[in-house]
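Undergrad: Sequence:
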Amino acid sequence: MKNFTIFLYHDIRTGDSMVDRESPGNSPYILDSESFRSQMRCLSKSGFSVVSLAELVQSLREHGDFEHPSICLTFDDGHVSNFTHAFPILREFGYIACFFLTVNEIGARQGLSWDQVRSMSQEGMEIGSHGLAHVPMSSLNDRELINQLRTSKQTLEDGLGKRIRFFSSPTGYPDARLGRLAKNLGYDAVCVGPVAPGRKASDLFALTRIDVKRGLKMQSFIHLAAGKRLAMLYHRGKEESLFWAKRCLGLRGYESVRETVITGKSGISVSIGRLSSSRPLLDEPKAVSH
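Per the working numbering, the very first residue in the sequence shown carries number 1; after that it's consecutive.
To be clear, the hints were calculated from the coordinates, so they are not data collected in a lab.
This list has only true hints and no planted wrong ones.
In silico DSS-like cross-links for lysine-lysine, where the CA-CA straight-line distance does not exceed 30 Å:
hint, residue 1, residue 2
1, 228, 213
2, 217, 200
3, 217, 228
4, 217, 45
5, 183, 200
6, 183, 162
7, 45, 228
8, 45, 213
9, 228, 200
10, 213, 200
Could you put the whole structure together from the sequences, leaning on the hints where they help?
TA: This is the structure in structure tokens:
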């Protein structure tokens, strides 16, 4: 059993009023800033070792695991709240997180600006790629997938003057090609969703994560952080149910059912978490602001 846990966050905001304005599909991914601070305080007081993704990858390469329970913090999408709310709290506790950015959302209305991304990078936060557009990698052909991996990496490297080592799969949908192509294009590791069928926990190109959603009780958070078997099995069971629902229904079929359950409306909808069908599959990267 692995001795590390990678937590996945999205938006960190203040108060429920901001959450209430979001669509039902997005609201589970928005965590109140005080809840996030309480979780970080819990990790600090409980003596967990919070490591960077680079440290985690190095340890897995050299030892295959950690001697003591260790935690890695990651954020997907690049919402502006990562800078305004999460970043100050991380600095308060001296923690490093890896922020995976959707490149074409940098500078968008709710996205991080290039100045904010550079500021976090200069303060020691890790920056990774979340692709050009927020689309499931399994929906792309090989040429499109390579473009997402290569162009997003190059754009971030041009904007930050640093090598981009890590990639996070948008929506967490597993894709058998992703790890191989990412490795060939110069990435050191790939983070995916909670389920990666047929892959070892220590597989650097299919690192599974625990999605921290709104409403997660502190006791459950502690048990997940500690890798408690029952808590992990319960969480994994829920996520595997979703995985097989997606596999059996197909991506569009699953999204249609999910939209109906959440909103009570029928019809096909490609909208999960931060995914929006209005975003093209193959966007050209926006110009980097220097």
